[in-house]
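Number of protein chains: 2
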Amino acid sequence: MSDQLSLLKQRLGELADLGHALALASWDQHTMMPPRGAEARAESLATLTRISHDMFVDDETGRLLADAAAELEGADPDSDDARLIALVRRRWEKERRVPTELASESARAASLGQEAWVRARAESDFGSFAPYLEHNFELARRYVDCHLGRSEFERPYDVLLDDFEPGMRAAEVTRLFAELRDELVGLIAELSDQGAVDDAPVHARFPVDGQRLLVREVVSMMGFDESGWRIDDTVHPFATRIGVGDVRITTRWDQDFFPMGLYGAMHECGHGLYEAGLPSSLRRLPTGAAESLGLHESQSRLWENMVGRSRAFCSVLAPRIAALAGGELASLDAEALYRAVNLVRPGFIRVEADEATYALHVILRFELEQELIDGSLSVADLPEAWNARFRDYLGLEVTDDADGVLQDVHWSAGLIGYFPTYALGNLIAGQLWERAGAELGDLERDIADGRLGPLREWLGERVHRHGAKFRTSELLERELGATITVRPFVEYLRGKLGDVYELDLSRAS
Amino acid sequence: MSDQLSLLKQRLGELADLGHALALASWDQHTMMPPRGAEARAESLATLTRISHDMFVDDETGRLLADAAAELEGADPDSDDARLIALVRRRWEKERRVPTELASESARAASLGQEAWVRARAESDFGSFAPYLEHNFELARRYVDCHLGRSEFERPYDVLLDDFEPGMRAAEVTRLFAELRDELVGLIAELSDQGAVDDAPVHARFPVDGQRLLVREVVSMMGFDESGWRIDDTVHPFATRIGVGDVRITTRWDQDFFPMGLYGAMHECGHGLYEAGLPSSLRRLPTGAAESLGLHESQSRLWENMVGRSRAFCSVLAPRIAALAGGELASLDAEALYRAVNLVRPGFIRVEADEATYALHVILRFELEQELIDGSLSVADLPEAWNARFRDYLGLEVTDDADGVLQDVHWSAGLIGYFPTYALGNLIAGQLWERAGAELGDLERDIADGRLGPLREWLGERVHRHGAKFRTSELLERELGATITVRPFVEYLRGKLGDVYELDLSRAS
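Here the protein sequences come in this chain order: Z and G. Residue numbers for the first sequence follow the numbering used here, beginning at 506 and rising by one. Residue numbers for the second sequence follow the numbering used here, beginning at 506 and rising by one.
These aren't lab readings, by the way, just hints derived from the structure by calculation.
Identical copies look the same in the list; a pair holds intra-copy or inter-copy alike.
Heads up, simulated SDA-like pairs for lysine to any residue below, C-alpha to C-alpha not over 25 angstroms straight-line: (1) K514 to R555; (2) K514 to A543; (3) K514 to R541; (4) K514 to E544.
If we strip away everything but chain Z, and leave its shape as in the complex, we get:
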C-alpha cells in the first residue's frame, strides 16, 4: 500500500475506533444506563463527537486525501481504494464546513433531548419536550446554514437528508412519495369495505418468557450468532454494530400483542444481518460500513414483512407459537396466523403499522419536518399540525400526544431528515424481494422449511458485501438494473393482501 494512503487509512481507523466508543455509549444509553447517568453520558458523547469531528476535518485529512488520490492516479475507479477516497472526500467536504462547537453541541443536545423525550412521552407532556425539540431544529438549521450555496443541495432539507441517504434529494423523495401515497390510499380504500380479517390471535395472551424463546429460535434461523451478537430489551428498538464481531439488536415485549417482540426482533435482526455481512476486508474504513439508511431499512423490512409475514414462514411460526404460548393459541394454525399478521387497519403508532398504512406515517413526518426546517411551521404548532394531517391521511383523531407527535425518538435525538429512509426502504425491499423470488427458485419452499440461509446469502451477495463502496442508486443500478421505483413494492403488497382478503387486487399495468 502506498504511504499516504496507508496514513489516511490509519487515521480513518482511529476515527472508526472513536465511532466504536460512540456506538457503545449510545447502545448503553438505550439499554443499560441508569437514568441518573444521563448528564455525564451527554458530556462524554459531546466530547467524543468533538474529538472525532476535529480529527476528521483537520487539514491533515485533506492533505492525506489529496496525496493518496495522487498516488492512486490511474487506478480502477471501482477499486476499494479509489472508492474509499471518493467517499471520504465527499464526507470531508461536508463535515469540514461544520464548526466543532456545533457538532459537539448537537451530540450533547441529542443525548439530553432523548432523556427529555422519555419523560415527556411517559407523561404525554409535549410542553416539557418542546424546548428540547426547538433547540434540535435550531441546531439543524444552523447545520443547514453551513452548506448555504452548495449547488449539490437544492433545498435546505437536502443537506439533512443527505446524511442519512447520501445522494438522495427531497425532490426525488417527493415524487416517489406522491406516487406511493396515491397507490396506498387507493389500496386501503379497496380494502376498507371488506369484512375485517380476524386478528384475535395476535391479541391472545402469550407470556413474555415464551416469546423470548420463540424469538431466539427465529433469529437463530435468520443467522443470529451467539458468539458475535446480543439481543436486549429497550423502549424504542434499534440495531447497531459496535465493531466487527459485535452486532447488537434490541426488541420490546407485550404479552397481549406478541408481534411487537417477534417482528420487532426480525426487523432488527434484518438490520443486524446487513451489519454482520459487511466486508471484513474493509474493516475500520468508512467503505466497510452500511451505505444508507434506506438500504438498511430494505433489509429489516424484507425480513420482518416479506419473510416474517409470508404464508410460508407463518407455517413455521404457527406450531412454535402454539407450543410456546399454549392457552388460546394452543391450536393456532398457519392460515389464521397469516391473516392475523397481515390485517390492514389504520392506527396511531408507526412502528405497529401494517404494510399498507406504514408509509403514510412516514410521509406525514417527511412533510412536517420539511416545514419545521423551512420555518413555515413552528414547534409550538406542531401537535396541532400533526393531528390535522393524521386525520387527513389515516382518518384517525389523535387525542394523546404520546400516541401522536411524541411517539418517535428521532427528533429528540436530532435525527431530522431520517424518516423518509423508512419508506424508501420499503420500496427497495420490494425490488430486492421481486428479484430474489426470480433468482432463488425455491425461496418459498426454503422459507416454509425454516431454511433462511440461501436468502441471507443472496442479500449478502447483492447488498451487504458492497459496504459503502457505491451510493444506493448506483448499487441498485449495478445489481438490479434500476434505481428506486414504487411498482415492485405495490405489486407485492397487492398480491399478498389480495390473498389475505380473498380479493383480486392485481391490476393491469
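Since the structure of chain Z is provided, determine the placement of chain G on it from the hints.
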C-alpha cells in the same frame, strides 16, 4: 474562577469524558460484549487511551498547570483548587515520561490479554497464556524504564505500585506484610488444632433466582439506588463508576455456595458506595475520583466482612436466606450462619479465601510480581514458583493452574503492582472499623436492625467526601490520626475468630 484554571478544568473535564468512554468499554467487555467483539474492542481502547494520553501529556497541559498555579499563589494549600493542581502536576510529571505508543500498546495488550486469559483459564492451559503474560511484563518493564533515575521511586516496582497506591512504596509494603504474615500464620496455627466449624450451611443448595432476590435486598439496605446503579453478572466481579449517577457493580453465582454471590455483591457494593459518595462538586475532575485502591478496598472489605460476616448482620441474613432458599436452609439460624461464613480454612482461590488466609494469597502475588519485574523469575517458571510458594504459605498442593496461577484477571490486563492494595485495604478497613465502632455507639444494634445508613454516612464523612484531595496516608492521618497499621485488623480478627471458635484469642499487647 481564574482564566487559566478554568481552561485547565475544561481540559480535565474532556479527559474525564474520555475516561467515561473507557470505563464503559471496559465494563461492557466484562459483562455484555460477545466474544468475537474482542479484537475491535482492543483497538478502540488503544485509540482512546492514546488520545487521552496525548491530550494529558501535551505541553499545553503543563503550561496551563504552571499558569493556574501562579494564579493560585497564596491560596489555602488545602483548598480544592490547590489540591487539584498538586495532584494533576504529580500525574502529569509521571505520565508525560511515557511514550504514546507504549500507553496505547499497553491498552491493546491488556484487552487482548484478558481474552486470552479467559480461554486459558477455561482450559487450565498456562502455555497458551504465557506469551500474553510475557508481553504484559515486558510492557511493564518498559514503563518502569520511563522513570529511571527519579529519586522518588526507590525500586523498579515502586513505579508500578504508585499507579494504584499513590505515594506507597514497596519497602513500606514489605514491612507491613512481614508483620501481617507473622500475625496471620500464628493465628491460623492457633486455629488449626481446633474442631472444625460446621460450614454445611454455605454449601446447601440455594437456587440462584432466590439468591438474586436476597442480594437485591441486601444491596438496597447498603444504599444501592435503582436510579443511579446497575448490578450485572460477570466472571470476575468488579465495580466501576461510568460517570456521576452511574455506578455499576457485578457479581457471580453458585447455587451450591451462596456466599459467592452474596458477599461478592456486598464487596462490590462497598466499592460502589465509595464511588457514589465522591464529591459531586469535584465532578469531571481527578480530585473528584477515588484516591487509591487500598482505600477503595478498605470500603469493600469493610462491608463484605466486618458488616456482612458480623453476628449482627447474620441475624438479618439468616431469616431471609431461610425464607428464600427453603430446603436444607429453611431452618437456618443466625448463629449457624455466623459460624459457617467465618470458617478459617486454607483454599486455592483468593477471592473465596476467609479473612485470616486472604492476605497470604496477596503476599504471595506481591512477591512473585516483584521477582517477575526485576527479572529474577521468568514467566516460564512462574507456575512452578507459584505452586512452591503456595505450599509454603498455605500448605496446599496446586494441581490445576486454573485454580493456581491462572485464577486472577489482573496480570492478563497488565495490572501489575495492584495486588498489594487488597491487603492494604484489609488493614485500613480494620482501622476504620475500630474507629466507627467507637464513634457510632449503636453500630452493632443498627446493623442487627438492618439499618446501615449511619455507617454509610460515617464512611462518607471520613473517606468518600475527600475524593482524591489527599493521599491515603495523609487522609488517614487527618481522619484517624495514624498511617496504615496492622494492629486494628489483627485485633478485630482475633476478636471475631475467638468468638466463632470459642477460644480466647485476645492477647496482652
